[in-house]
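The whole structure should be built from the sequences, with the hints applied where relevant.
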Amino acid sequence: MRAFDYIAPDSTESVVAALAAHSPNARLLGGGTDLIVDLKHTSNTPKVLVDVSQVEDFHGIEMTDRGLRIGSMVTHTEIMKSEIIQKELPAMVDAAHTVGAVQTRNLGTLGGNLVTCVPSMDSGPTLLALDALVTIAGPKGSRQITLEEFFVGPRKTCLEPDEVLVDIIIPKENVGKPTHFLKFGLRKGQALALVNAAASFHVGDGNIFSAPRIALGAVAPVVMRATKAEDFLAGKEITEANMAEAGEIAVTEIKPITDFRASKEYRRELVAVFTRRCLAGAYALHQSRA
Amino acid sequence: MQHGIGQPVTRTEDPRLLTGRGIYVDDITLPNQAYAVIVYSTIAHGIIKSIDTEAASAAPGVLLILTGEDAKADGLGGFGPAFMPEDVGIPVPGHRTSRPILAQGKVRHLGERVALVVAETAHQAMDAAELVEVDYETLPAVTTAVEAVKDGAPQVYDEAANNTSFALRMGNGEAVAAAFESAAHTTKVSIYNNRLTANSMEPRGSNATYDRASGETTLYVSTQNPHGVREELSGHIFHEPETKLRVIARDVGGGFGMKGGVYPEEALVVWATRKIQRPVKWTPSRTESLMSDDQGRDQTVEAELALDADGKILALRWAALNNVGAYIVGAANVPVMFSLRLAQTVYAIPEIDVGTKAVFTNVPPTTPYRGAGRPEAVYIMERLMDTAAHEMGIDPVELRRKNLIAADAMPFTTHTHYVYDSGEFDATMSQCVAAADWDGFEKRKAESEANGRWRGRGLAYYIDDTGIFNDRMELRFDPSGSVTIVAGTFSHGQGHETTYPQMVSDWLGVDADNIRFIQGDTAAVSFGRGSYASRSMIVGGSALRYAADEIIEKGKKFAAHVMEASPADIEFADGKFVVAGTDKQMSMTEVAQWAYHPAGLPPELGIGLEGVGGFAATSPSFPNGCHISEVEIDQETGKVYLDRFVAVDDMGIVMNTLLAHGQVQGGVGQGVGQALLEDLQYDPDSGQLLTGSFLDYCMPRADDLPSMEIEMNEVPCTSNPIGVKGAGEGGTVGATPAVIIAILDALRSEGVNDIPMPATPERIWQALADAKKAA
Ligand SMILES: Cc1cc2nc3c(=O)[nH]c(=O)nc-3n(C[C@H](O)[C@H](O)[C@H](O)COP(=O)(O)OP(=O)(O)OC[C@H]3O[C@@H](n4cnc5c(N)ncnc54)[C@H](O)[C@@H]3O)c2cc1C
Chain A
2 MRAFDYIAPD
12 STESVVAALA
22 AHSPNARLLG
32 GGTDLIVDLK
42 HTSNTPKVLV
52 DVSQVEDFHG
62 IEMTDRGLRI
72 GSMVTHTEIM
82 KSEIIQKELP
92 AMVDAAHTVG
102 AVQTRNLGTL
112 GGNLVTCVPS
122 MDSGPTLLAL
132 DALVTIAGPK
142 GSRQITLEEF
152 FVGPRKTCLE
162 PDEVLVDIII
172 PKENVGKPTH
182 FLKFGLRKGQ
192 ALALVNAAAS
202 FHVGDGNIFS
212 APRIALGAVA
222 PVVMRATKAE
232 DFLAGKEITE
242 ANMAEAGEIA
252 VTEIKPITDF
262 RASKEYRREL
272 VAVFTRRCLA
282 GAYALHQSRA
Chain B
44 MQHGIGQPVT
54 RTEDPRLLTG
64 RGIYVDDITL
74 PNQAYAVIVY
84 STIAHGIIKS
94 IDTEAASAAP
104 GVLLILTGED
114 AKADGLGGFG
124 PAFMPEDVGI
134 PVPGHRTSRP
144 ILAQGKVRHL
154 GERVALVVAE
164 TAHQAMDAAE
174 LVEVDYETLP
184 AVTTAVEAVK
194 DGAPQVYDEA
204 ANNTSFALRM
214 GNGEAVAAAF
224 ESAAHTTKVS
234 IYNNRLTANS
244 MEPRGSNATY
254 DRASGETTLY
264 VSTQNPHGVR
274 EELSGHIFHE
284 PETKLRVIAR
294 DVGGGFGMKG
304 GVYPEEALVV
314 WATRKIQRPV
324 KWTPSRTESL
334 MSDDQGRDQT
344 VEAELALDAD
354 GKILALRWAA
364 LNNVGAYIVG
374 AANVPVMFSL
384 RLAQTVYAIP
394 EIDVGTKAVF
404 TNVPPTTPYR
414 GAGRPEAVYI
424 MERLMDTAAH
434 EMGIDPVELR
444 RKNLIAADAM
454 PFTTHTHYVY
464 DSGEFDATMS
474 QCVAAADWDG
484 FEKRKAESEA
494 NGRWRGRGLA
504 YYIDDTGIFN
514 DRMELRFDPS
524 GSVTIVAGTF
534 SHGQGHETTY
544 PQMVSDWLGV
554 DADNIRFIQG
564 DTAAVSFGRG
574 SYASRSMIVG
584 GSALRYAADE
594 IIEKGKKFAA
604 HVMEASPADI
614 EFADGKFVVA
624 GTDKQMSMTE
634 VAQWAYHPAG
644 LPPELGIGLE
654 GVGGFAATSP
664 SFPNGCHISE
674 VEIDQETGKV
684 YLDRFVAVDD
694 MGIVMNTLLA
704 HGQVQGGVGQ
714 GVGQALLEDL
724 QYDPDSGQLL
734 TGSFLDYCMP
744 RADDLPSMEI
754 EMNEVPCTSN
764 PIGVKGAGEG
774 GTVGATPAVI
784 IAILDALRSE
794 GVNDIPMPAT
804 PERIWQALAD
814 AKKAA
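Residue numbers (this note's numbering), protein chains in the order written: chain A, 2 to 291; chain B, 44 to 818.
No lab work stands behind these hints, which were simulated from the structure alone.
Any given hint could be a false lead.
[To be verified] Here are the simulated DSS-like cross-link-like pairs (lysine-lysine), alpha carbons at most 27 angstroms apart as the crow flies:
#, chain 1, residue 1, chain 2, residue 2
1, A, K265, B, K193
2, B, K816, A, K265
3, A, K265, A, K189
4, B, K619, B, K599
5, B, K488, B, K816
6, B, K486, A, K189
7, A, K189, B, K287
8, A, K256, B, K816
9, B, K115, B, K287
10, A, K229, A, K256
11, A, K189, A, K88
Bear in mind that the values here come from a model prediction, so they are computed numbers and not experimental data.
Next up, the structure:
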């Protein structure tokens, strides 16, 4: 890591102005748990680090007309401690809890996790399964897109160099939607996901899957939805057999790789198992609430 | 006495270490400090055609660049083995290597040191290091012993045919062959004891400074053996008297054997500081540690056991290959030899025939790693016992009981000439079986299965040979009456700063708060051999006892003089010198103060109160114990959950139960790491390190371990004056087989009979799939 300038603006506008002034030689700094680690390993240090962790607009977790708004600079620890998230979306608490260790969660932010956009990111699947939206601010103002559109490829989002992620919104109808997240790593804590997964659905009249969502990580270049499995489930009765079948279908949708960490065959097996277990977990949550 | 021997005294060093006030090498920054960065070999095997340092020399801040050619020009030596088989009486000499401090002509493993760059700042040194252009002619590489011994394999040394440095064999081949002929049952296992690295919390590091006024160089280093570092550097690298070099180790954040020897970087910073006459510091990153620290284990074995129809062992036979990496340095041959010498472990085996070859490959050298050869021996034996038990339909506890060396057979001489002085193997096993709620297993198993998990249980009985060489301990009172322990051993996490004072306080009746502890500075400690092989309590503790005895004897003379009695009439008890049969008495502190009286002391008493003790572990001590683990395995993913772990250890007399339990816990953690998580992986073709960061080298964490139940069966050791056996390694030795055997127990119903280490979820899933296919 080499010397760089550091600025810490306190509003969205000044962040955008700073980026306009310095991009492409500027990088945004959140908790730094991805960026600082990277900078230590490269000699192409940016000239300016724009610390966005002090911007008030990027903080807070609250219900709005549109849904649950989570500032991009909310840390994983804050997610775990949020009463509304604990109550409505415990899967997000579970996902946050699997990120690194205590120190990583105290510093690391939801926004940083999404922007880094590695296939194994642990906050991706749950948010994707909840049809999350993201707000992006830039020189032309602000825009809102789906998280699915936001993810472009491994370590690549649709953010332009002069844009910043403001917040993440979980649409109103999905706040409280039964959801479940699971991660499979080589050890209990501080582990890279070999596979992570989330599933959510509403329980429709007649005990059927309504608006089912399945999202999978670490098995394709970006976190992905298993839409064929979702289509299969939609309108079907909630049974163990259907959950298992959805798992088998999800396997056909992924593009896992073989490397020394795991073979693609094993990743496929894990996807079948974890899809089914996530669906079962979401249903268990629904039943426990009823 | 609350501070007495055996009490669970909390660690004196902890408040300092836990509040960030420890001083590790990287915390030491000297005036005018310069920084060193190493250029490592980026290939596993090749010829250095040229090294271009021109651009690097011109880079900002660069002060010095050194290569192997410079080392040659300066007449610097290399690191050799502490001993080879021929040095300990074995007739056929092995191929002896010398590890250069910077590669000369050839590189033999990824991470071999090729050049040193010193600059004003660490970043400048890093930038300049990237500009050093090394032109290699890449040679084919070989990374495993199995491949390396084959004809036509790439040769690490032309002089070592089939990459074999030496072969060793112990026992009686003919008798064993005959026993196998007549055996009612034979059992066979193939084992690969995986390659590991210590990953001490504090990486290695060094900082050297040359003092122009005195001509002395001081080296601050993270090591287990400061005097050993000085001896090696002075004797083998710089060819100069040891008085030219002072070595200081302050707090050292773990070693596990990995810091027991001496490394090229330690020579390099000394060499560099003398050249530029500024302090030179080297601090590696974790990735550099993973790449350049000496490594552990890596033994491939074919093992067989012959038994009679009742399950009595008739003979043990195994043949191994030890992958020693690219060089045999320092204590590298210890694990190779110790695995052979401990081959029969705790069993009465009529005949053995065990052998191994030390095989060169293009990976870093191996060194003793917590256990060093004993984990290999015990793993082989316990896997054989467990497999034989299942094959013969004999309860594994019962099979062991039939074959354990009986307590009344002590002292027991093994086929490899070890004398086990003491041990109650059967009783210790029974204690562990009871503590593990052996009979409640079936109920727990049923509960696990109801949750989609298999449950298995593994028992392992281990023995360890601990304590090596002699050492020296000093006790010095000062005129105020407080006492200093000057230790030749070197605590790098074990807690000697707590336990030695605890013992001295008990023996001499001095308040532990008035006992100071010094170690790790060659200028303050006249001589020492450091800590490894669980030697400190055996050798250092015994030497300390003798030093205390000397203090008492001298103290009696001073007390006799002051109290006007005959020394023969002075008795010492509870910290007091008493004139027998009277109420005249003096405390140890008073006597010590008197010993520094400025006048009036008889000349034959000398000045001051000091004691020096020495002790040599002519025979090792043999801690042993039984470990039982229970695992659950997810039937779909193959993931192992270590659910229960019970250890009953006999480490002789326990000086501090809290620290002894800590040693067991940490050791078990490391043993579990080997069984389930840790693995150094090299690409077999290129020799590149795949597990080059903590993202992929999977260390165990506290939450991967269950809350352990630890008990002791204290059987005093008879080969040292304080009855202790080594405490540092047993946990590691016992845990690995206990966990793997439990996994196999869980999977046996599914047709799985073998699992490689580490037993990752995917490997278990694969073994299940293979078993299904075979069925
Ligand atoms: C030891 C360790 C363990 C880890 N374990 C896990 C794990 O288990 N699971 C997991 O998913 N991750 C893990 N991570 C990765 C990391 O902690 C998370 O991705 C974290 O959420 C990143 O957030 P941050 O605020 O620290 O990001 P930063 O490092 O500050 O930033 C990351 C990236 O996002 C950009 N950025 C930051 N804020 C914004 C913004 N508002 N708008 C636009 N761009 C922005 C930065 O420029 C940078 O490119 C681990 C990291 C470490 C060091």
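Going through the hints against the structure:
1. K265(A) <-> K193(B): Violated - the C-alpha atoms of K193(B) and K265(A) are around 32 angstroms apart, more than 27 angstroms.
2. K816(B) <-> K265(A): Distance ~19 angstroms between K816(B) and K265(A) Cα, so the pair holds.
3. K265(A) <-> K189(A): holds (22 angstroms)
4. K619(B) <-> K599(B): holds (10 angstroms)
5. K488(B) <-> K816(B): holds (26 angstroms)
6. K486(B) <-> K189(A): holds (26 angstroms)
7. K189(A) <-> K287(B): Judged against 27 angstroms, a Cα distance of about 50 angstroms means the pair is violated.
8. K256(A) <-> K816(B): holds (26 angstroms)
9. K115(B) <-> K287(B): Between K115(B) and K287(B) the Cα gap is close to 21 angstroms, so the pair holds against 27 angstroms.
10. K229(A) <-> K256(A): holds (14 angstroms)
11. K189(A) <-> K88(A): holds (24 angstroms)
Going through the hint list in order, the structure does not satisfy hints 1, 7.
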